[in-house]
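S.K.: Assembling the complex is the task here: the two chains are given apart, and the hints tell you how they should meet.
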Amino acid sequence: KTQVEQSPQSLVVRQGENCVLQCNYSVTPDNHLRWFKQDTGKGLVSLTVLVHENDKTSNGRYSATLDKDAKHSTLHITATLLDDTATYICVVGDRGSALGRLHFGAGTQLIVIP
Amino acid sequence: EAAVTQSPRNKVTVTGGNVTLSCRQTNSHNYMYWYRQDTGHGLRLIHYSYGAGNLQIGDVPDGYKATRTTQEDFFLLLELASPSQTSLYFCASSDGTGGASAETLYFGSGTRLTVL
Numbered sequence: 032k033t034q035v036e037q038s039p040q041s042l043v044v045r046q047g048e049n050c051v052l053q054c055n056y057s058v059t060p061d062n063h064l065r066w067f068k069q070d071t072g073k074g075l076v077s078l079t080v081l082v083h084e085n086d087k088t089s090n091g092r093y094s095a096t097l098d099k100d101a102k103h104s105t106l107h108i109t110a111t112l113l114d115d116t117a118t119y120i121c122v123v124g125d126r127g128s129a130l131g132r133l134h135f136g137a138g139t140q141l142i143v144i145p
Numbered sequence: 706e707a708a709v710t711q712s713p714r715n716k717v718t719v720t721g722g723n724v725t726l727s728c729r730q731t732n733s734h735n736y737m738y739w740y741r742q743d744t745g746h747g748l749r750l751i752h753y754s755y756g757a758g759n760l761q762i763g764d765v766p767d768g769y770k771a772t773r774t775t776q777e778d779f780f781l782l783l784e785l786a787s788p789s790q791t792s793l794y795f796c797a798s799s800d801g802t803g804g805a806s807a808e809t810l811y812f813g814s815g816t817r818l819t820v821l
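Chains as they are written, first to last, in the numbering used here: chain A, 32 to 145; chain B, 706 to 821.
If you are wondering where the hints come from, they were derived from the structure by calculation, not from laboratory data. Since the model is a prediction, treat every value here as computed from it, not as a measurement. Possibly wrong hints are sitting among the right ones.
[Claimed, not checked] Restraint ranges, calculated between C-beta atoms of paired labels, are given here:
1. B:Thr772 to A:Ala110: 44 to 50 Å
2. A:Ala110 to B:Gln761: 40 to 46 Å
3. B:Thr731 to A:Lys73: 17 to 23 Å
4. B:Ser814 to A:Leu113: 18 to 24 Å
5. B:Gln761 to A:Thr33: 22 to 28 Å
6. B:Ser814 to A:Asn90: 18 to 24 Å
7. A:Gly47 to B:Ala708: 32 to 38 Å
8. B:Ser712 to A:Asp70: 17 to 23 Å
9. B:Thr710 to A:Asn90: 22 to 28 Å
10. B:Gly722 to A:Asn90: 40 to 46 Å
Quick reminder that beta carbons are idealized off the backbone N, C-alpha and C, glycines included.
One chain only, chain B, in its complex shape (with noise of 0.2 Å):
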């Protein structure tokens, strides 16, 4: 069964420190994404992966860093936490087609991080 996992669940940090969240896909799809999600927007893009050792950047990366280290795991790195990157964050992989085909865009159930 395709799937996303993400960790952790929750994180809760202080102004100036540093998190990594953690994201593992098991679909064998090289397109792997970092989104955030605030009330009253839509998902915005922050970096995606098209493999391992490839980065692009989204559109709002200011702040955030990302590595793909293998095929499943891709990470985002807050290297100087502000509450202002307080948000949901999802995970997404994709087989390449961008979602156009059914069954082939998949989300993980996203890290809530609060930034104090």
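Next up, chain A with everything else stripped away, as it sits in the complex (with noise of 0.2 Å):
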């Protein structure tokens, strides 16, 4: 059973507006969540990281929330560029060491157009 939902699957904006990619789990526990962006073809690159109950980080124009209770993240990027096309995935820890297990969404493909 899937344990990471990501949505929407996928997602048309056009440049400069901004967008929110939302993540739902059921893992537990849930000790730490993180959001990549995996450009086509390639590797998964860490935007940020949310360890404690309603985290808020922000890196530019991506920001993210955590809201443990409801198991549900955010990620907002703001006025997109054309290098904002990518697929974002989100990842739920399920433990802060090597131990535990990352639990993978299947990711929102963004599409952003000029």
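M.R.: Given below as structure tokens:
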């Protein structure tokens, strides 16, 4: 059973617009949550990691929130650029050590058009 | 700069073929992982390792072997490749926090394997 669900599956926005990506999960325990960006045919690059209840992070035009009670996270991208075209993957870790498992969502494919 | 390097970048083989995928990390990380990525699925863990000589079974290990020869090098072996193993394979390294800390989980660029 998929424990990390991302929505939407795909999204098309115009350059300069803002967008919000959603991640809902059922992983227990939920030690931390990380958002990755994956360019087509490339590896995953970490954008941010959230650890605590109601954590909020910011990394340039990317900002993220985590609600552990609701088991829900959002990734906001402000003023999108063409280079933001990629797949964004939500990952939930069930422990704060390498003994834990990472649970990967299938990703949201974002396409930014001129 | 932290790095995980995979080779080859692309590989085509036939059913029953013998394939070795290579991964090297220069992060001084103890933990290394092999994942496969298929359309519509999240990454799935094949094998992982705590250090040189150590091997642990992941979630989808059938048909795969792995070997960790040094702290830096982790190999994935497909001794009798099947079409179901056509996939994009990623190697990753971690410092032991399992990615719970910022900037402690690094992925390679992937190896695309096609089994005909």
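S.K.: Lying within 44 to 50 Å: is that true of the beta-carbon distance Thr772 of chain B to Ala110 of chain A?
M.R.: 47 Å, holds
S.K.: Can you let me know if the beta-carbon spacing of Ala110 of chain A and Gln761 of chain B is within 40 to 46 Å?
M.R.: 43 Å, holds
S.K.: Assuming the hint says 18 to 24 Å, is it satisfied by the Cβ distance from Ser814 of chain B to Leu113 of chain A or not?
M.R.: 21 Å, holds
S.K.: Per the hint of 18 to 24 Å, is the separation of the Cβ atoms of Ser814 of chain B and Asn90 of chain A within bounds?
M.R.: 21 Å, holds
S.K.: That 22 to 28 Å hint for Gln761 of chain B and Thr33 of chain A (C-beta), does it hold up?
M.R.: Holds, at about 23 Å.
S.K.: Does the hinted range 17 to 23 Å hold for Ser712 of chain B and Asp70 of chain A at CB?
M.R.: With Cβ atoms ~19 Å apart, the hint holds.
S.K.: Evaluate the given range 17 to 23 Å for the C-beta pair formed by Thr731 of chain B and Lys73 of chain A.
M.R.: At 19 Å between Cβs, range holds.
S.K.: Take a look at whether the Cβ-Cβ distance between Thr710 of chain B and Asn90 of chain A falls inside 22 to 28 Å.
M.R.: Roughly 25 Å apart at Cβ, these two residues keep to the hinted range, so it holds.
S.K.: Falls inside 40 to 46 Å, the C-beta gap from Gly722 of chain B to Asn90 of chain A?
M.R.: 42 Å, holds
S.K.: Range hint 32 to 38 Å: satisfied by the CB atoms of Gly47 of chain A and Ala708 of chain B?
M.R.: 34 Å, holds
Checked against the numbered hints listed earlier, the structure breaks none of them; every hint is satisfied.
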